[in-house]
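Participant: My request is simple: use the sequences and hints to build the entire structure.
Using this note's numbering, you'd call the opening residue of the first sequence number 280 and step up by one each time.
No lab work stands behind these hints: they were computed from the structure.
Mixed in with the good hints there might be a few duds.
[Claimed, not checked] With a Cα cut of at most 20 Å, we get these calculated SDA-like pairs of lysine to any residue:
#1 K294 to R312
#2 K295 to G331
#3 K347 to T391
#4 K395 to N368
#5 K369 to F351
#6 K386 to G326
#7 K369 to I405
#8 K350 to R335
#9 K347 to S317
#10 K350 to G331
#11 K386 to R343
#12 K369 to Q354
#13 K386 to R335
#14 K347 to D303
#15 K332 to E302
#16 K369 to T406
#17 K369 to N383
#18 K350 to T391
#19 K350 to G379
#20 K347 to K386
#21 K369 to E384
#22 K294 to N340
#23 K332 to N383
Values in this document were obtained by computation on a predicted structure and should not be read as measured data.
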Amino acid sequence: MLGRTQRCSDESGLKKGPWSPEEDEILVEYIERHGHGSWSALPKVAGLNRCGKSCRLRWNNYLRPDIKRGKFSQQEEQLIINLHALLGNKWAAIAGHLPGRTDNEIKNFWNTHLKKKLIQMGLDPITHIPRSDHQNLLTNLQQILANASIFSTLSNTCDNTNNALRLLPSDATQLAKLHLLHNIVQYNPFEVLGLNNDSNLQSFCNGTSIGFPSQNQLPNLHNFETLQHLNGSTSVAHTPSSNSVLPNQVSASPEECYYSTVNFDCMDVETSDVYWKDLIE
DNA sequence: AATTTGTCCAACCGCCTTTGT
DNA sequence: AACAAAGGCGGTTGGACAAAT
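Facilitator: Dropping the structure here:
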């Protein structure tokens, strides 16, 4: 409805722009004493020449006592990337999982740091999957092969009690190849290869299908069940191939964790299966 | 030293949703 | 059910500052 929300700028004489220390003091003092109550009424009763919306923003993004300041930690960075892969640009929802951080702060951090980081890694910052345009194909290839190398190293040095995370070097290479194939054809490679049902996949794994690797050359697809399950059970708009077996989450730092299956091992309790399941439900 | 370019982030804008009448 | 007001959210902007030329 046109004009339903009165804009701050429409209200004559109300101050705009940066807040002065005096204004901050008035706002903080008022809210500490009375709570914010109705934001639209607050400026008048508190004695501020601002619109309510501006006061709410100032309080929520800057003056609130529980706001955490300073650099984002590696864990926070990782969490933002993973949450963004699941939720997209739902900054408020993402902020809900990072105590002390505001949606504005996270949004700014994403736009100035994380987005560029993903692009540098050859990943689409919206979908979190490798970019498939021609300009990025070679970058992708290099990236994927590098990933394969580090992934296999990581797999072999991982905690031996976690068998699900152990991959042979050839598995990692094979995974990289599949990943690349996925990029090129822009479809789920298992679908393209006719491996999207159990019996075909079984024959693929047994090496009875023509021209493809035998069982011991395949990555342990079981590792991706969690993500596959999550992708399949949500309507997240940013998951172009919802039944893809390839993970679409990336680590905050390439040198640390390459795929989310490994990330689960690197991250704290918040990244457990139950956590993610609850999150998207 | 002066100018240009790039980066960061607080704050604004406009749209959508929720709530109250 | 219809409407209006308020709250909430995501996209964008513009000014301050730093780095590069």
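Participant: Confirm or reject each hint.
Facilitator: Evaluation of the provided hints:
{"no.": "1", "hint": "K294 to R312", "result": "violated (23 Å)"}
{"no.": "2", "hint": "K295 to G331", "result": "holds (12 Å)"}
{"no.": "3", "hint": "K347 to T391", "result": "holds (19 Å)"}
{"no.": "4", "hint": "K395 to N368", "result": "holds (15 Å)"}
{"no.": "5", "hint": "K369 to F351", "result": "holds (18 Å)"}
{"no.": "6", "hint": "K386 to G326", "result": "violated (31 Å)"}
{"no.": "7", "hint": "K369 to I405", "result": "holds (12 Å)"}
{"no.": "8", "hint": "K350 to R335", "result": "violated (24 Å)"}
{"no.": "9", "hint": "K347 to S317", "result": "violated (25 Å)"}
{"no.": "10", "hint": "K350 to G331", "result": "violated (29 Å)"}
{"no.": "11", "hint": "K386 to R343", "result": "holds (18 Å)"}
{"no.": "12", "hint": "K369 to Q354", "result": "holds (19 Å)"}
{"no.": "13", "hint": "K386 to R335", "result": "holds (18 Å)"}
{"no.": "14", "hint": "K347 to D303", "result": "holds (18 Å)"}
{"no.": "15", "hint": "K332 to E302", "result": "holds (14 Å)"}
{"no.": "16", "hint": "K369 to T406", "result": "holds (14 Å)"}
{"no.": "17", "hint": "K369 to N383", "result": "holds (11 Å)"}
{"no.": "18", "hint": "K350 to T391", "result": "holds (13 Å)"}
{"no.": "19", "hint": "K350 to G379", "result": "holds (12 Å)"}
{"no.": "20", "hint": "K347 to K386", "result": "holds (15 Å)"}
{"no.": "21", "hint": "K369 to E384", "result": "holds (13 Å)"}
{"no.": "22", "hint": "K294 to N340", "result": "holds (18 Å)"}
{"no.": "23", "hint": "K332 to N383", "result": "holds (15 Å)"}
Taken one by one, the earlier hints fail for this structure at numbers 1, 6, 8, 9 and 10, listed in ascending order.
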